[in-house]
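Could you build the full structure based on these sequences and the hints that come with them?
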Amino acid sequence: MDFEPHKQAAVTAAEKGARILQARYGNISRIRKKVAQEIVTEADTESEKEIITVIRHSFPEHEILSEECGLTTGSSEYRWIIDPLDGTVNFAHQVPIFCISIALAFKGDMVVGIVL
3 MDFEPHKQAA VTAAEKGARI LQARYGNISR IRKKVAQEIV TEADTESEKE
53 IITVIRHSFP EHEILSEECG LTTGSSEYRW IIDPLDGTVN FAHQVPIFCI
103 SIALAFKGDM VVGIVL
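In the working numbering, the protein residues as written are 3 to 118.
To be clear, the hints were calculated from the coordinates, so they are not data collected in a lab. Glycine included, C-beta positions come from ideal geometry on N, C-alpha and C. Take the hints with a grain of salt, since some may be wrong.
[What the hints assert, rightly or not] In the DSS-like style, the derived pairs of lysine-lysine whose C-alpha atoms are separated by at most 30 Å in a straight line are:
hint: 1; residue 1: Lys109; residue 2: Lys51
hint: 2; residue 1: Lys9; residue 2: Lys51
hint: 3; residue 1: Lys9; residue 2: Lys109
hint: 4; residue 1: Lys18; residue 2: Lys109
hint: 5; residue 1: Lys18; residue 2: Lys51
[Stated by the list, open to error] Distance windows between CB atoms, simulated:
hint: 6; residue 1: Thr55; residue 2: Met112; range: 19 to 25 Å
hint: 7; residue 1: Pro7; residue 2: Lys51; range: 17 to 23 Å
hint: 8; residue 1: Arg32; residue 2: Thr74; range: 33 to 39 Å
hint: 9; residue 1: Glu44; residue 2: Pro98; range: 16 to 22 Å
hint: 10; residue 1: Ser77; residue 2: Arg32; range: 34 to 40 Å
hint: 11; residue 1: Ser60; residue 2: His95; range: 32 to 38 Å
hint: 12; residue 1: Met112; residue 2: Glu40; range: 33 to 39 Å
Given below as structure tokens:
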């Protein structure tokens, strides 16, 4: 199978999410706790929204599992797994060690992975 269109969508989504993170870096107005030791910022949610928008535009039938929104079911055997800001604590404290992680599974096997 050719997964090049999927890879290109993942790269585009990661780049758009990264633009949001760049704009928000050092400019966080609100940090909230999700659970005991986990936090979420508006950068997480804004980046995730942009990434999902790009993927949904290209592949509306695919499932999406994202860190902030959870699982959105789809009608195909593809599942996107998204962490829109891997390293939120670092990001919130302006430690420049964080990334966006996007993966695609087909029938349970990972076929695309992007870390930016």
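Against the structure, the hints come out as follows:
1. Lys109 / Lys51: Holds, at about 25 Å.
2. Lys9 / Lys51: Distance of about 19 Å is within 30 Å: holds.
3. Lys9 / Lys109: Between Lys9 and Lys109 the Cα gap is close to 17 Å, so the pair holds against 30 Å.
4. Lys18 / Lys109: holds (27 Å)
5. Lys18 / Lys51: Roughly 10 Å between the alpha carbons, so the hint for Lys18 and Lys51 holds.
6. Thr55 / Met112: 19 to 25 Å: holds (23 Å)
7. Pro7 / Lys51: 17 to 23 Å: Distance hint for Pro7, Lys51 holds at roughly 22 Å.
8. Arg32 / Thr74: 33 to 39 Å: violated (24 Å)
9. Glu44 / Pro98: 16 to 22 Å: With Cβ atoms ~19 Å apart, the hint holds.
10. Ser77 / Arg32: 34 to 40 Å: holds (36 Å)
11. Ser60 / His95: 32 to 38 Å: For His95 against Ser60, whose Cβ atoms are near 34 Å apart, the range 32 to 38 Å holds.
12. Met112 / Glu40: 33 to 39 Å: violated (24 Å)
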